[in-house]
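Chemist: Chain by chain, the residues run as shown.
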Amino acid sequence: MLALDGVTVRFGGLLALSNITFTVEKGEILGLVGPNGAGKTTLFNCISGLVRARGRIGFEGKDMTRLPLHRRARSGIGRTFQIPQPMHHLTVRENLTVAQVFGAGRKDPARIAEILDVMELSHKADADAASALALQELKRLEIAKALATEPRLLLLDEVLAGLESNAKRSFMLKLRELHALFGLTIVIVEHDIETISNLCTRAVVLNFGQLIADGTPAEVFSNPAVVESYTGTAHA
Amino acid sequence: MSDTASSRLLSGRSLAMAGGLVVVGLLPLAAGASPYMLGLLISSLILAGLGLSWALLGNLGGMVSFGHAAFFGVGSYASALLAAKLGVPVLLAIPLAGGVATLSSLAMLPALRLSGPYFALAILAYAQIFRILATEASWLTGGAAGLQRFPGLPTVFGFNFAERHGSYVLVLGMVVLCALIYVVIRRSYVGIALRAIAESEDATRVVGVNSTLLKTWMLMLSAFIAGMFGALNAHIIGFLEPDYAFSGIWSVMPIIGAVFGGYRSVIGPVFGAVVIYMFDQVIAKSLIPVGHQILLGIVLAGMVLLAPNGLAGLVGRIFSRTGGKHHARA
Numbered sequence: 000m001l002a003l004d005g006v007t008v009r010f011g012g013l014l015a016l017s018n019i020t021f022t023v024e025k026g027e028i029l030g031l032v033g034p035n036g037a038g039k040t041t042l043f044n045c046i047s048g049l050v051r052a053r054g055r056i057g058f059e060g061k062d063m064t065r066l067p068l069h070r071r072a073r074s075g076i077g078r079t080f081q082i083p084q085p086m087h088h089l090t091v092r093e094n095l096t097v098a099q100v101f102g103a104g105r106k107d108p109a110r111i112a113e114i115l116d117v118m119e120l121s122h123k124a125d126a127d128a129a130s131a132l133a134l135q136e137l138k139r140l141e142i143a144k145a146l147a148t149e150p151r152l153l154l155l156d157e158v159l160a161g162l163e164s165n166a167k168r169s170f171m172l173k174l175r176e177l178h179a180l181f182g183l184t185i186v187i188v189e190h191d192i193e194t195i196s197n198l199c200t201r202a203v204v205l206n207f208g209q210l211i212a213d214g215t216p217a218e219v220f221s222n223p224a225v226v227e228s229y230t231g232t233a234h235a
Numbered sequence: 000m001s002d003t004a005s006s007r008l009l010s011g012r013s014l015a016m017a018g019g020l021v022v023v024g025l026l027p028l029a030a031g032a033s034p035y036m037l038g039l040l041i042s043s044l045i046l047a048g049l050g051l052s053w054a055l056l057g058n059l060g061g062m063v064s065f066g067h068a069a070f071f072g073v074g075s076y077a078s079a080l081l082a083a084k085l086g087v088p089v090l091l092a093i094p095l096a097g098g099v100a101t102l103s104s105l106a107m108l109p110a111l112r113l114s115g116p117y118f119a120l121a122i123l124a125y126a127q128i129f130r131i132l133a134t135e136a137s138w139l140t141g142g143a144a145g146l147q148r149f150p151g152l153p154t155v156f157g158f159n160f161a162e163r164h165g166s167y168v169l170v171l172g173m174v175v176l177c178a179l180i181y182v183v184i185r186r187s188y189v190g191i192a193l194r195a196i197a198e199s200e201d202a203t204r205v206v207g208v209n210s211t212l213l214k215t216w217m218l219m220l221s222a223f224i225a226g227m228f229g230a231l232n233a234h235i236i237g238f239l240e241p242d243y244a245f246s247g248i249w250s251v252m253p254i255i256g257a258v259f260g261g262y263r264s265v266i267g268p269v270f271g272a273v274v275i276y277m278f279d280q281v282i283a284k285s286l287i288p289v290g291h292q293i294l295l296g297i298v299l300a301g302m303v304l305l306a307p308n309g310l311a312g313l314v315g316r317i318f319s320r321t322g323g324k325h326h327a328r329a
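The listed protein sequences correspond, in order, to chains A and B. With numbering that gives the first Met the number 0 as the guide, the letters of the first sequence map in order to residues 0 to 235. With numbering that gives the first Met the number 0 as the guide, the letters of the second sequence map in order to residues 0 to 329.
Treat each hint with caution, since some may be false.
Claimed, not checked - Dumping the calculated SDA-like pairs for lysine to any residue here, alpha-carbon to alpha-carbon at most 20 Å:
| id | chain 1 | residue 1 | chain 2 | residue 2 |
| --- | --- | --- | --- | --- |
| 1 | A | Lys106 | B | Ser187 |
| 2 | A | Lys106 | B | Ile184 |
| 3 | A | Lys106 | B | Tyr188 |
| 4 | A | Lys106 | B | Val189 |
To be verified - Pulled from the structure, derived: some chain A residues nowhere near chain B, Cβ distances all over 10 Å:
| id | residue |
| --- | --- |
| 5 | Gly12 |
| 6 | Thr22 |
| 7 | Gly48 |
| 8 | Leu49 |
| 9 | His87 |
| 10 | His88 |
| 11 | Gln135 |
| 12 | Arg151 |
| 13 | Leu162 |
| 14 | Glu163 |
| 15 | Ser169 |
| 16 | Leu180 |
| 17 | Phe181 |
| 18 | Asp213 |
| 19 | Pro216 |
| 20 | Val226 |
Hints were generated in silico from the structure; no laboratory data involved. None of these values were measured; they are calculated from a predicted model. Yeah, the Cβ is synthetic: ideal placement off N, Cα and C, and Gly gets one too.
Using the sequences and the accompanying hints, generate a full structural model.
Modeler: This is the structure in C-alpha cells:
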C-alpha cells in the first residue's frame, strides 16, 4: 500500500533521513520506533507532504513524491500531529465537517455522527470550541479529524504520549477498533515498547535517520542494534 | 456552523444585520443631513467598504495587508480611464475596475508564500510600485498632474447618483452588498477553512484544504472590492493623482477602522470606519485643527487596551452583561 524507496531528507548540513526504504502492506498496523531525533516525525512529514524528500513515496501504486500536502490527504493519507492541532475556534463537529468536506470531498453528517460516536466525542460535538477540550479529548479529536477525511492509511504520531497507563490501554483498544471498523492501515509512532508489542504486527526502527531494523516486534526489540540505540551506547 | 446554518448561508440574522445597516445608514437622509455632512459620511462609507475588503483578507485569509492602497488606486485609475478614454458607462466601469484591481492582485501571488510581517511588507512595497507606475505612465494616467476630466456618477431613471444624496445611497448600497458577500463567505465551508488556516495552516492542509488556492481567492476578492470602492471614490470626487489614489491613507485608515470596530466581526469594520472617520473629521479637527490625528491615535490606543475586540466586542459584552445574548460571531 505504501512504498518508500530511498527517502532522504537534509536540513542544511543535517541528514535527517538517509535512504529509507520499506513498504507497508494493506491492513497492517506498523510501529515506527526510535529514540528522540531518530527521524520518525520527519518521515511522517515526508509521507504526508509537509516536508519535501528525495527518493520515491508510492501510495496504492501512485507516485506521491511531488504531490502537495492537500492532494495526498485527498488521496487517502490521513495523519495526526504529536501535539494535537485542532481548528481551535471551531466546535468538534465543525472540525470534522471541514475535514470531510475538503478531505473526502463530500458532506455526510451520518458518517460524522458515526466517527463522533466511535471516538466518544458525541457529547462534546457542539458544546464548545475545540480549544476547550482536555488533552485526551484533543487526541481523540485529532484522530477523528483524520478519519473524517476517509483515509485508507492513517499515520498516528505519538497519540498515546502523555496518557496514564489505563487511558493508554483503552486508547490502544480504540485503535484496534478503528482498524477493524474502518478497514485502515495504520502506521504509529510510539516510544513504548510494550505498546508496540501489543498493538503492532510489525515494527520499523529508525536511529539517527537510518533504518536499523524491520520485523515483528519480538524480533526487532531483541535486535542488538535496537537495544544499543535505546541505551545510547552505539553513538555515545 | 451547524448543518442547518451552513445550508442557509444567509440566515435571518444576517438579513436583519443588512436591514439594520440600511436603516441606520438612511437615518442621515431622513434627518436632513447637510451636503457637507453627507460628503463626510460618503467618505467614511468608502473607508468602510475598504475596511471590509481588508478584513476579508485579514480575518478570513489571515493575511494582514498594508497595501490596500494599491488595489484602491488601480481601481480608481482603471474606472476613470475606462470611462474617459473608452467611453464605458460609469456604472459598468466600476465593476470592470474591480476586475482590473483583481488582475493586478495576481502579481501578488508569490507573496502568498509569506506570512505575518513578511507578507505585510511585501504588499506594502507592491502598493509603492503601482504609485510609481501611475506617476511614470503619464501618457495614460496624466502622470503627477493626474486626471481631471472623466465622467462622474450618472443619472439612472431620474435618480442622480452624482448628487450627494444619490452618491450616498449608492455607496451605502455597495457597503451593504459587500457585507452580505462577506457573511456568505464567512459562513461557507471555504470561510470556515480560511479561518482555520489563519490559526494553523499545516493542520488545515493535512485534512485536504488547498490553503494556497483559498488564500488566492480571498486576495482576488479583496482586491476586487477595494478596486470598486476606489472606482466609486474617483467618480465621486472627480479627480485623480497618483499621490492621492495610492496614498498610504487608503492602507492605514481601513486597518484603523477595522481594529477600532472589531475586525473579527462583519459589522465591526463598517461601524469602526464610520465612527473613527467622523470622530476625526467632526470632533478631533474642531478641537485640534492641525495635528488632529493625535486624538485618533489616543482613541485607538484606548480602544485596543480596553476593548481588544473593538466596538463589536464591546457592544457584545454590554449586551451579555445586561442579559442579552452575546453573539461572538456577529
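Chemist: Give a verdict on every hint.
Modeler: For each hint, the structure was consulted:
no., hint, result
1, A:Lys106 to B:Ser187, "13 Å, holds"
2, A:Lys106 to B:Ile184, "18 Å, holds"
3, A:Lys106 to B:Tyr188, "11 Å, holds"
4, A:Lys106 to B:Val189, "14 Å, holds"
5, Gly12, "24 Å, holds"
6, Thr22, "22 Å, holds"
7, Gly48, "8 Å, violated"
8, Leu49, "6 Å, violated"
9, His87, "5 Å, violated"
10, His88, "7 Å, violated"
11, Gln135, "18 Å, holds"
12, Arg151, "14 Å, holds"
13, Leu162, "21 Å, holds"
14, Glu163, "26 Å, holds"
15, Ser169, "25 Å, holds"
16, Leu180, "20 Å, holds"
17, Phe181, "16 Å, holds"
18, Asp213, "26 Å, holds"
19, Pro216, "28 Å, holds"
20, Val226, "34 Å, holds"
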